[in-house]
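Asks: Each chain, written out:
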Amino acid sequence: MRRIPWTLLVFAAAFAIPWLGSRFYTFIATDVAILALFALSLNLLLGYTGLVSFGHAAYFGIGAYTSAIFMKTLGLPFWLGFPAAGVAAGLFALVFGCFCVRLTKIYFAMLTLAFAQIVWAICFKWNAVTGGEQGMPNVPYPDLDWIGAIPGLDGFRVGDRFYFLTLVLVALAIVALRRIVHSPFGRVLAVIRENPERAEFIGIDVRRYQLAAFAVAGVFAGLAGALFGIFNRGVFPDFAYWTKSAEVLIMTILGGMGHFWGPAVGAAALTILNLQITAYTQYWPLILGTILIVLLFAFPGGLVGTSVDLFRRVRRGRDAGRP
Amino acid sequence: MLDVRDLKKSFAGFLAVSDVSFSLPPRAVMAIIGPNGAGKSTLFNLITGHIVPTAGQVLHKGADITGAAPHRICRRGIGRSFQHTNIFPRLTVFECIQAAYIAHHRRGTDFWGRADRLYRDETMALLERLGLADKADELAGALSHGNQKQIELGIALASDPDILLLDEPTAGMSASETRETIQLLRAIAEERGLTLLFTEHDMEVVFQVAERIGVLHQGRLIAEGPPADIRADAEVRRVYLGGH
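Going down the list, the protein sequences come from chains A and B. Following our numbering, the numbering of the first sequence begins with -2 at its first residue and continues without gaps. Following our numbering, the numbering of the second sequence begins with 415 at its first residue and continues without gaps.
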């Protein structure tokens, strides 16, 4: 039996969403796509390198501000602003990472948080560049007319067109991330996650690789941030606030950090749950807390980890039952 | 091949290793013995750069490697296995060894290629040699203690070392596993022309395998020489060998 090309099916289904004709569905799908990339970028650290970052939102925020400054303040096109967001976030991650990888475990996590709070404070106070507390509202949409010119894609609203663009860019970024985790570099990261002490003694400069992973994760978080700023029609200091870092951490763990697609599923689950539940009650944080507790005790592998385990067990059970 | 000169390490005033000197010619097989806490593991950690010595020198092929970073020392051709099994538990046996090849050939900077295609033949050949070929696709952490020790040896060998430091390579093994492991080690050392430095608690193995034996006691090397001399040494008998 041939394997089912799940990723292609999911991409095709996601691409078809604007045809449902609902502004709301397109809105949610854009949100999920961007946050999925953000969560997947964190998982390069969490699930693949074994580094717990409490300050990943810093790079999301830096990316968002960079592209907003490029597009709004400088009036440059999206095709410059978008890659610039990745480069800027990656450079900041490289600099901050230099300090962070000198520490281990909880001290590493605390330092990532400290740098993220510094980024947030600068965004919050530097009125001339970041707009301070007010942020940068009205970040312009990129030129999307060319999407309308593609046969079959004409007649869609601007939000739908931006969704097409987002989906394709996110998909490309995810393909790149997937390639990276399966590369020799990715294998070295896995070795470091499993046993940093032993990794050193097969000739690996552990800190340098951790730093590289930190920078790469920063690049992808920055790209996600750039898209989110446009989607959100504005960039605000809370993009880099610690609650945002916590949110992406929760998505990653909810979906399962042991599996490549786990964080993306977590991003979708958390976003949709949030929307559903806030429609009924204002006690969303209470429900979120309860879900997390159940998850941590009952499904330590996250949604995807638990499903994969269950699927394997069912299949093995079926195979064992055969004569 | 390896020269240790007046090596000393004190932890907050406590002398864990003091004034240890010895030298290993190429292809030598030397054992370090001594009671628990004598400083054997500390001595290994000093040689491999995991601990920086307070004083003294470590020379590898004439070059000073004292206090260099572990990954640099490893790249020079010093391989090591650890006393407590030290593998990559959630990788498969195959991936553990393959990763060591990737690291040794410095392919880790390639972030666009495909890891699973690299060094397949080398990895399989080494697994065959270690008798682990049938377990290649199992998770390393799920195997028996003896198998994990073999994986560790494989990880060390993949870096193509010229010296192998083995900290209690048979710890926790049954008598028959110990015998097999020692035979395998000797055969591989012979094939590859390796220099071996190992610690071991099983005196039978030590006196059977080692060409030279160093005896550590309270951080000092109180005796060093061929097995016959060590057996005859009065002080060694008094502090360590006892009834043996």
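One should not assume that every hint holds.
[To be verified] Computed footprint of chain A on chain B; a stretch qualifies when at least three of its residues, placed anywhere within it, have a C-beta under 8 Å from a C-beta of chain A:
#	stretch
1	497 to 510
2	518 to 526
3	529 to 538
Source of the hints: derived by calculation from the structure; they are not laboratory data. Every residue gets a Cβ at the ideal spot worked out from N, C-alpha and C, and that includes glycine.
Asks: If you check each hint against the structure, which ones fail?
Replies: The structure breaks none of the hints.
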